[in-house]
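Enquirer: Spelled out from the first residue to the last, the chains are:
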Amino acid sequence: MRLPRLLRTTPFRLTLLFLALFAASAGAFLGYIYVVTAGEATRRTDREIAEETRALSAVYRSAGRGGLVRELAARTAGDRPFVYLLSDPRGERLAGSIGRSPVGAAGEGDIWIDFSILQRDTGGAVPHPARGLQARLAGGEALFVGADVSEDDAYVLKIVGALWGAGALVVVLGLIGGVLVSRNVSRSVAGLSGVVVAVRNGDLAARAPVRGSGDEFDELAEGLNDMLERLERSMQGHQHAGDAIAHDLRSPLTRMRAQLEAAYLDVAAGRGDPAQALSQAIEDADGVLRTFGAVLSIARLQAAGAAPDPELFDPAALAADVAELYAPLCEDKGVAFDAELAQDIAVRGDREFLAQALANILDNAVKYTPAGGAIRLRVRRRSSGEVEFSVTDTGPGVPEPDRERVVERFVRLENSRNAPGAGLGLSLVAAIAQAHGGRLELDEGPGRVGAHGPGLRVAVVLPRGV
Amino acid sequence: MRILVVEDDRDAADAMARGLSEAGHVCVCAADGEAGLTEARGGGFDVLIVDRMLPRLDGVELVQTLRREGDATPTLFLSALGEIHDRVAGLKAGGDDYLVKPYAFAELIARVEALSRRRETGSVQTLLRVGDLEMDLIGRTVHRQGRAIDLQPREFQLLEYMMRHAGHSVTRTMLLEKVWAYHFDPQTNVIDVHVSRLRAKIDKGFDRPMLQTVRGAGYRLDA
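In order, the protein sequences belong to chains R and Z. Numbered per the working numbering, the first sequence spans residues 296 to 761. Numbered per the working numbering, the second sequence spans residues 145 to 367.
Honestly, I wouldn't trust all of these hints.
Distance condition first, Cα-Cα at most 25 Å in a straight line; then the derived DSS-like pairs of lysine-lysine [stated by the list, open to error]:
(1) Z/K236 x Z/K322
(2) Z/K245 x Z/K322
(3) R/K628 x Z/K236
(4) R/K628 x R/K662
(5) R/K628 x Z/K245
Read the hints as simulated data drawn from the structure, not as lab findings.
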């Protein structure tokens with residue numbers, strides 16, 4: 296049988312456990328109070344009885360049996376809260392307010408006893424609890440002094456009642472508190488587990504409620520939301536990659552198929568030279584493979600989320616190498632090229648991937664910068680401590696609204712549709728920058744100069760190294 | 145040359161064997177790692193072409209086993225795994241070169257021939273000579289017909305590589321990998337520009353051009 300939901304919750308069980316512990320300790324505490332207070336009442340009565348007995352013994356010693364009998368008569372008639380009985384050594388009653396000793400005639404020395412005496416109340420004679428002491432006097436007489444303790448008992452009962460009441464209050468308040476805490480915690484947990492269930496059912500957009508109290512549940516919710524955010528982005532990336540691959544590979548593959556089919560028909564009909572069509576098909580296949588390779592690299596970088604082979608190196612040396620590779624190309628195209636490389640900077644990362652990122656940016660810069668333009672490669676440390684690789688060109692640039700889009704996979708702007716390249720360059724650069732904990736920035740270049748410009752400034756910004 | 149091809153994809157192996165035969169080489173094919181190891185132990189091969197992922201015995205293990213047994217036959221790994229650490233793992237296992245699938249045929253042949261050359265020129269040389277072109281590796285000087293040619297450091301490395309592989313085609317990718325140590329594929333013709341600069345320096349003003357462009361493959365330095 297399943298317990299009701301509330302009783303199954305962890306907080307409620309914890310509450311019960313703490314309640315039990317609390318009840319036990321409260322019980323011990325109340326028990327101590329009982330022992331101390333109730334015990335004290337009994338002890339006080341005993342003290343008074345003993346005191347009275349001592350006083351009467353003193354009378355016996357000074358005035359003898361006759362003196363004590365007289366004294367007892369006086370005290371019995373007075374307003375003393377005691378009952379008395381003096382018996383001779385054989386147990387015969389000599390004086391006192393009761394007829395027979397509850398202890399009996401036998402017994403030597405002091406004997407304490409709990410007994411009951413009849414008290415005349417409104418409703419007739421009622422037995423009251425009493426306590427007494429029988430002492431043996433020097434002449435062998437037995438002196439019994441007793442006292443009604445019903446008032447003491449009533450006091451103790453009152454204390455016990457109060458203690459029970461307090462105990463019950465503790466339990467009830469504890470239960471109420473436990474239920475409230477459990478419900479509060481359960482609600483928070485229910486919010487979180489609702490998200491988990493939603494995500495399990497495929498809704499990656501579900502987010503846990505953050506109440507703004509900054510407690511552990513908020514922290515957990517924020518952590519969960521952050522994780523879902525990344526997961527969703529990654530999933531979207533994969534989905535987008537799938538769509539993009541399908542889109543970008545389908546057209547060259549379709550073209551390739553058509554060319555191969557045409558070549559096949561030509562050969563089958565014994566006319567024409569298929570070499571042209573075949574070499575075009577090979578070129579298309581290479582293009583498809585290049586695109587595929589780039590997509591794969593991006594996907595792997597994004598999946599790994601980290602530079603695969605990090606080492607510490609000098610970014611100026613890396614940039615100088617890449618600059619050396621591209622400088623002749625710029626010169627041949629009639630584009631001025633210069634590199635401004637700050638020394639004494641260290642970067643941790645994957646050298647090969649960063650070189651590829653720079654090469655991709657330079658590829659684009661050379662591709663889009665017309666003759667007479669200029670390209671500048673720069674490595675510097677920003678005041679924030681970040682390391683920046685930047686390439687500025689004087690090409691047509693990318694209009695502000697398009698800048699974010701050109702970084703997305705496969706996007707090439709309409710007017711550059713005819714330039715070679717799969718349009719994956721900047722996406723790969725962005726993926727490389729992100730894998731290094733950095734980012735890709737696109738800005739306007741140096742502005743419009745004559746027929747040139749406004750140009751583009753592409754920067755890979757890596758976090759402060761060591 | 146006698147070449148052992150260890151490749152489990154029958155079609156790919158057949159195409160490779162045909163291409164290598166047409167280039168004048170003798171090809172033996174093995175379809176799994178164990179068969180490949182048996183063939184290789186038989187000896188007599190100039191180059192091994194080994195796919196990295198093979199049934200029965202992994203390509204990396206195959207080459208490791210051969211190296212342990214003292215067999216140093218130059219080996220080219222073929223792999224669909226193109227990441228840097230895959231390549232490093234392949235070379236660490238004893239491979240001499242690493243070619244990522246898919247590849248152009250010209251690339252495969254150029255690399256296989258480069259590997260076989262490597263064994264012949266294993267000894268330390270201080271002077272390279274191809275036809276009337278001379279390179280002093282210690283003095284870092286180049287002369288053609290006694291005339292000094294002034295080269296930039298990278299041009300010097302480029303020419304050294306071409307001279308070490310004189311008479312054989314070298315591809316743009318090979319040059320980028322071996323001279324620049326980059327393993328990515330630039331979208332633009334950066335390598336062509338460097339080669340044509342080198343060509344201008346070593347061929348200009350001489351009656352016979354040495355640095356040839358091989359259509360569909362790359363370049364070749366002829367004596």
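Enquirer: Looking at the structure, which of the earlier hints fail to hold?
Expert: Of the numbered hints, 3 and 5 do not hold.
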